[in-house]
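**Student:** Sequence:
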Amino acid sequence: MEYIAFDCHKHYTYAVVEDERGRIVREGRIPHERGALREFLSRCREGSPVAVETVGNWYWIVDEIEEAGFRPRLVHAGKAKLMLGMVNKTDKLDARGLNKLQRAGTLPEVWIPPGELRDMRELPRARMVLVRERTRLKQRVHATLAKYGIQVGASDLFGAKGRQLLWAKRPLLPLAPHPLRHQRAVAADRCLGRRDPGHRGEDEGGAFPHPGGEAFGDLARGRVYPGGGDPRWRWVMWRDSRCGTLGLLCGDGAPGSLQRGKDPLRQDAPGREPLLEMGLQ
Numbered sequence: 000m001e002y003i004a005f006d007c008h009k010h011y012t013y014a015v016v017e018d019e020r021g022r023i024v025r026e027g028r029i030p031h032e033r034g035a036l037r038e039f040l041s042r043c044r045e046g047s048p049v050a051v052e053t054v055g056n057w058y059w060i061v062d063e064i065e066e067a068g069f070r071p072r073l074v075h076a077g078k079a080k081l082m083l084g085m086v087n088k089t090d091k092l093d094a095r096g097l098n099k100l101q102r103a104g105t106l107p108e109v110w111i112p113p114g115e116l117r118d119m120r121e122l123p124r125a126r127m128v129l130v131r132e133r134t135r136l137k138q139r140v141h142a143t144l145a146k147y148g149i150q151v152g153a154s155d156l157f158g159a160k161g162r163q164l165l166w167a168k169r170p171l172l173p174l175a176p177h178p179l180r181h182q183r184a185v186a187a188d189r190c191l192g193r194r195d196p197g198h199r200g201e202d203e204g205g206a207f208p209h210p211g212g213e214a215f216g217d218l219a220r221g222r223v224y225p226g227g228g229d230p231r232w233r234w235v236m237w238r239d240s241r242c243g244t245l246g247l248l249c250g251d252g253a254p255g256s257l258q259r260g261k262d263p264l265r266q267d268a269p270g271r272e273p274l275l276e277m278g279l280q
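For the sequence shown, numbering that gives the first Met the number 0 puts the final residue at 280, and the numbers step up evenly by one.
If you are wondering where the hints come from, they were derived from the structure by calculation, not from laboratory data. Treat the numbers as computed from the prediction; the structure is a model and nothing was measured. It is possible that some hints are incorrect.
[Claimed, not checked] Below, computed lysine-lysine pairings styled on DSBU-like, alpha-carbon distance capped at 30 angstroms: (1) 160 - 146; (2) 9 - 88; (3) 146 - 168.
[Claimed, not checked] DEER-style ranges, computed between Cβ atoms: (4) 20 - 119: 36 to 44 angstroms; (5) 173 - 81: 47 to 55 angstroms; (6) 78 - 169: 47 to 55 angstroms; (7) 148 - 112: 45 to 53 angstroms.
Heads up, the beta-carbon is just placed ideally off N, CA and C, and yes, glycines get one too.
Generate the whole structure from the sequences, applying the supplied hints.
**Tutor:** Right, here's the structure in full:
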């Protein structure tokens, strides 16, 4: 008999095969492709136990182990970690640790429901998620009405009568008369520095004036200059600034930093021309 342990991840599984004395027979990484696990197990002794931790994608892994003629043992990941007590944690150490618990007879197993029952369990789980999201949306509507002091005289706000009353109160909400597309446009304009007319630091058209305005507009809309230098530079509109101050994040993340950080912006750095044109050197 051999002891087999799978340290499973999202895209691959690290497998370790040991004999009864703990000597490693085979180990390696298996890509998560249909049939890859069965092919790996075909070179092992049929009927050997295979330890698998309770990760999110253990369903199909257990199915492949059973189809290959081996005995899956689903492991309680939290208890196994406490029992092993290892400071370092790697794929290789985790898989070898599971085999160590198998040989000692102390592997913390959990029950593996049959495949048909596993599929049936997914139905109420999916419904729980949908009901939870529905409840969150309803609570958001209640919170919005309470925020603006709007009272709706209905015991069930989302019943037939409650929906009619709610629709009648709709004009009382600030942004409700505007379509969603208009709200998105308003938010985008504000993110680009444009504010309502009369705001301090604005021109007559309501746009935030800035040297090199065209270049600023391109940067704010996410356009990249050819040869624009380090792609880690991020242009941000500081939320706390009343005039829409433009900041440059580079190196250690300080706005406008030219000297600090792991990769400071040199005076001769490529792509600095837009900064000079815009007066942001």
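**Student:** Confirm or reject each hint.
**Tutor:** Hints versus structure:
no.	hint	verdict
1	160 - 146	22 angstroms, holds
2	9 - 88	17 angstroms, holds
3	146 - 168	14 angstroms, holds
4	20 - 119: 36 to 44 angstroms	42 angstroms, holds
5	173 - 81: 47 to 55 angstroms	53 angstroms, holds
6	78 - 169: 47 to 55 angstroms	54 angstroms, holds
7	148 - 112: 45 to 53 angstroms	51 angstroms, holds
Hint compliance for this structure: no hint is broken.
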